[in-house]
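Chemist: Listed below, chain by chain, are the residues.
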Amino acid sequence: MSTELYINGPVVHTPTFIDGHSVEIPELKILKQDGSVYKDAELPEIDQALATKIYQTLAFHRVLDERMVASQRQGRLSFYMTALGEEAASVGGAAGLEPQDMIMTQYREQGALMFRGFSLENFMNQMFSNEKDLGKGRQMPIHYGSKELNYMTISSPLATQIPQATGYAYGQKVQGLDAVTLCYFGEGAASEGDFHAGLNMAAVQEAPVIFFCRNNGYAISTPSDEQFKGNGIASRGVGYGIKTLRVDGNDIFAVLKATQVARAYALKENAPVLIEAMSYRLGAHSTSDDPSGYRTKEEEEKWQSNDPISRMKNWLLAQNWWDEKQDKALFEQYREDVLAAVKVSEKIQKPHIDTLITDVYDVPTTQLQAQLDDVKAHVNKYPDAYPFTAGKF
Amino acid sequence: MAQMNLLHAINNALDIAMNENDRTVCFGEDVGHFGGVFRATSGLQDKYGKTRCFNTPLVEQGIIGFANGLAAQGSVAIAEIQFADYIFPAFDQIVNEAAKFRYRSGNEFDVGKLTIRSPYGGGIAGGLYHSQSPEAYFAHTPGLKVVIPRNPYQAKGLLLASIRDDNPVIFFEPKRLYRASTGEVPTEDYQLPLGKADIVQTGTDITLLAWGAQMEIIEKAAQMALNDGISCEIVDLRSILPWDVETITNSVMKTGRLLISQEAPLTAGFASEIAASVQQECFLHLESPIERVCGLDTPYPLALEKEYVADHLKVYEAIKRSVNF
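So the protein lines, in turn, are chains A and B.
So the mapping is simple: this note's numbering equals the position in the first sequence, first residue as 1, plus 316.
So the mapping is simple: this note's numbering equals the position in the second sequence, first residue as 1, plus 25.
Calculated directly from the structure, the hints in this document are not laboratory data.
Just so you know, even glycine gets a beta-carbon here, dropped at the ideal spot from N, CA and C.
Don't take every hint at face value.
Claimed, not checked - Derived coverage of chain B by chain A (criterion: at least 3 residues anywhere in the stretch with Cβ under 8 Å from a Cβ of chain A; other residues may be distant):
#1 32-46
#2 80-86
#3 129-138
#4 203-211
Stated by the list, open to error - A few chain B residues that face chain A, going by a derived Cβ cut-off under 10 Å, partial list only:
#5 K125
#6 P167
#7 L266
#8 W268
#9 V270
As the list claims (entries may be wrong) - Pairwise CB distance ranges (calculated):
#10 A:F333 with B:E45: 50 to 56 Å
#11 A:H337 with B:P324: 40 to 46 Å
#12 A:R389 with B:P324: 50 to 56 Å
#13 A:G492 with B:G152: 41 to 47 Å
#14 B:Q248 with A:L493: 42 to 48 Å
#15 B:L153 with A:R389: 52 to 58 Å
#16 B:H58 with A:L493: 42 to 48 Å
#17 A:N324 with B:E45: 42 to 48 Å
If we strip away everything but chain B, and leave its shape as in the complex, we get (with noise of 0.2 Å):
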């Protein structure tokens, strides 16, 4: 065990991906000597070579493209997209030809061994375009996985479940996280199962649901609900795509109760999806409306991020709307 950040994490998780096989490659803008705006792949090039981790030229359509063809010749390709928000260049890569890659090849080709990582989210003063959450475009895509942690020990096991699974996976990254989230991480290889979703404190009276950096914000209102004597379970969702709807729809029949939070604005985000299937298969045990705690619908404010975002305060109202419906 050591204590590790996020990006410790990640780093040491790319690192035990590159030894274990050399056609493992990791490219994106400034990943190569620089190691990443955010150092998440700092000393990869070093150890590993100029060939097999590398800056590329700034074309988001094109490192994706790139790592579609290099994935589907075999190697084990990881593309990191410097922000979220700048990953709709690639979008048409992603959704209609990494996600579709062996479906339409009828399985004589597939780019299973592609992972895409890309820090997500707000909270660090980076307005519109450096904060955006866009797990719910990439949901509505059959073909994709789509995997978010919150803490270290999260990122390194599901990373390295990500680059081993064969399908090709998105990987976004908490960036508000980054540096702000440690804690005891194993030094030695383990995975995460992929598609399970994780419950981190169980309870009886309402499910507590999210992702992410919003996990920590959840937990937070859960304290301040307990000071009132409300016991929440609370459940880390882990990968957006496929979900567990196994562990969620069964916590939502034990306590009655379901409030889900996202950082993505609430029309048409992955909250609304799992509040339609929990409402379709927990009906009968539902004891008030399920409570959507989410980003306001415009595009992600500066000045007042505080007032847009889906805070602990915010969280802990709709904790109470939903107990005392």
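Pulled out of the complex, with its shape left as it was, chain A reads as follows (with noise of 0.2 Å):
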């Protein structure tokens, strides 16, 4: 307990303003485009098969991205975001956990679910909302969850994950547990009170959690310059006492070498860490945005160039680890797979009526209950107007 004030600096007699922009703030980069290392470069804890992990999960995540479009412009599937452009992010981040810390996400972070193992059949079951869905066919498509996986079921209000992983962590720290909690979000959602909430709430509260920004310049239409001040979101760190890291987002050893040496220190301290990758959300918010409204294709072309799929390609090329012919079979295969897949779970029925009630409390209440029957009258009553549950109870 101490009310001394944390004072850091020298005193002045005349009005001395610190500049808004003041905080220099350091950018990682491990790897460059066409695949090399920068000099004096420190590689993060890889090997050959992690390293082929990381980049299947890449191609995977890419190609189960622009099927999704695809299905949803025939009208298969209501609803989709791509992370393109940005998967590194998310990949990497994963890639520098251990399978028990908890990852809290925003939406655009599939890539470490796919990461940490979710089948291509828990996919698409959530995202055809049918009976298999672990999510029992409540939320939108890509509002994944998996306990099993240690991946936080995805809310689609922004931001309230941030102070729940302060939370979070801070039960494993009472514990005692050999785990962190990891927790994504977009630069937008850093303007949301949760945002400042959490924050704050993790250095007083000391909990060993990981704030990864994915700082891609947009939410929905408006670009970063619109949504804040200052040297970006890791400048927010240092203002609430936070070890900050800001890193390439494109840069798939970057994020991961950041990732591991984060939790290490999260961890040891029982300290958050914050960590800003930047990148470029080269796709459109969802598929139901259009980003020509808002943007140049001068812009777009330029962070085209620095795809961050290809940029590991190239490292793993340069390794003798990893050739074109693979690479061609590869995407080919997940194309198939996930075109099979989509021919599958589309057919799967809805959930059960029964469904309606359940899960709002541990137990449904009697009130619950006598809804439920009086629907299901209702149903029989009329059956043709509710074709996916009428005859099936």
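Got two chains here, each in a separate frame; can you build the complex from them with the hints?
Modeler: Right, dumping it as structure tokens:
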């Protein structure tokens, strides 16, 4: 307990501003676009098995996103969100963790779940809201979650997961577990009150949580210069007294290295870390969005040449751990797998009518049971109007 | 048994909950060393350490966000919001997060181990920002339980039940009664059921229904009515969500009349929900219109508090109106 103020600076006798942009933040880069490594750069801990797994996850991510946007355009799926161009942030982050670490995400981090081994069928069943969806068909497509894989179910409200990650990590600390929580969010979500609440509480309550900001330049149509001032989101970490790293978000090794270092620090010191990964949302916000209304082709092209997946591929080729033939076969295989999985999942029936009232409480209340009974009687009276459930209970 | 006031009873319940499970954590503004502005968490930090009972920064949305994460992790999270009037920055974390955590994940995750404690209600010259009764906002949210005790015995038993219930519970404590309400309370562990109303006094002419601090108001009015020869059945709802429809409708079918009194404003208060359900279930048993005796549809006043509140005289008049309809 202390009321001592944190004083770090000279005493002056004339008003002396600190400039709001004066915090200088280094950006970690390890891998160049051509696959070579920067001189003096320190590679993350990586072997051929991990490198191959990371690359395969990136490739699968790219293919799944492409195919699901196509499915949405064909009217087979209601909604989708890609992470085109910023896949390294989610895949690299997950690769820097241990399986027992909790991952909480915003919505554009399916790569982390892929890395943890969520099956193609599980992805599909969630997107098609069928009876095999772990979430029981209750949330819009891409709101995945898995207790088994320590991946917290996604919630649409922005930034709510940030203070929750602080609390989750605090619980891990109280139990003395060898585990941390990693929390993803975008630079737009960092304007929400929950971001500030979560970071401040993590610093004060000393929670082993890694806050991972994907700064992809856009919140739907709003560019980051209309979202915040100051030196990015990283400068906020400094304000809250949190150890902070900025990395090139399209550099898978910079992301991996940063996460590995952050995890070790958070666990050892029982303290939060903030990582800001600089990237660009090459795709639309969602399938309901068209970026041509708010940005130029030239801007997009500049970032297309920064592709994180080809960057890693170039490195793998240089190691002789990968070749073009393997690459082509991998992408083709994934395309076939995804297409086949869509055809299966879209035919699986909707969840049972009883799931209307389950999981609201641990046990349905008598009022809920009565409401369900009314609905069932009504469905039986007008079966043609309710084809998903009529005749199935 | 020991003589306790309502604060002692709550403190005693928290002590039992923290003692039985070392994953139980209590936190909120000024909750730590100081023991809370009303002293409900007094002594807990000394006994269980700073890791398990601590001050948080002044950020209600952060407190409940943190509590949601902690409960999802499997810890028993007991969060205090210093005044119910200040719960609204946390509204999103309660309504969109806590209440929907289990449902939206298909039961992959839940925050059943979350309990939010908060002092509510008027009568302490607290004006518009230290007097509100916001239970109806939360009663409109499937997935939450909302519980309000009327005295120390009820407070301890209902709080222990709330902490152990596998759903997020908001536990509103009538702060006007914190020290004013005293009584015999068992020192050992016990629980009272959630979702069950309590018939405090049986009667034949009219059912009087309230909860929390409003209970002693309707009891006083019932005493006045008794002098006029009117026999009142007095019921404490105890749980606002889910609420005990059966006990209430059985009582109304017996007495033929219902009066509901709440501190909160009239319009869209929880009394309205009860009135709608009771007229549906008991239409042919009703001898008179259901009476609602509530606060006015204004912010909670300061200087004119006496005129504003649903006091025993207003309840008494409504009883006579109902019986003489």
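Chemist: Indicate, hint by hint, whether the structure satisfies it.
Modeler: Hints, one by one, checked against the model:
For a cut-off of 8 Å, the count of residues in the stretch 32-46 of chain B with a CB near a CB of chain A stands at 0, and the three-residue condition is violated. With 4 residues having a beta carbon nearer than 8 Å to a beta carbon of chain A, the stretch 80-86 of chain B meets the requirement of three or more and the stated coverage holds. Interface restraint, the stretch 129-138 of chain B with chain A: holds (8 residues with C-beta to C-beta distance below 8 Å; minimum three). Evaluation of the coverage hint for the stretch 203-211 of chain B: breached, as 0 residues show C-beta separations to chain A shorter than 8 Å, against a requirement of three.
Given hint, B:K125 at the interface with chain A, holds; its Cβ is 8 Å from that chain's nearest Cβ, closer than 10 Å. Residue-level restraint check for B:P167 holds (minimum Cβ-Cβ distance to chain A is 5 Å; threshold 10 Å). At its closest, the beta carbon of B:L266 sits 9 Å from a beta carbon of chain A; the interface hint therefore holds under the 10 Å criterion. Hint status for B:W268: holds, given a least beta-carbon distance of 8 Å to chain A, under 10 Å.
Restraint check, B:V270 versus chain A: the minimum CB separation of about 7 Å is within 10 Å; hint holds. A hinted range of 50 to 56 Å holds for the C-beta pair A:F333 and B:E45, which are about 55 Å apart. At roughly 43 Å, the beta carbons of A:H337 and B:P324 sit within the given window of 40 to 46 Å. Checked against the hint of 50 to 56 Å, the C-beta distance between A:R389 and B:P324 comes to roughly 52 Å, which is consistent with it.
At roughly 46 Å, the beta carbons of A:G492 and B:G152 sit within the given window of 41 to 47 Å. The supplied range of 42 to 48 Å is broken by B:Q248 and A:L493, whose beta-carbon atoms lie about 57 Å from each other. The hinted range of 52 to 58 Å is satisfied by B:L153 and A:R389, whose Cβ atoms lie roughly 53 Å apart. Between B:H58 and A:L493 the C-beta distance comes to about 27 Å, which lies outside the given range of 42 to 48 Å.
A hinted range of 42 to 48 Å for the beta carbons of A:N324 and B:E45 is consistent with their spacing of about 44 Å.
Going down the numbered hints, you'll see the structure goes against 1, 4, 14 and 16, while the others check out.
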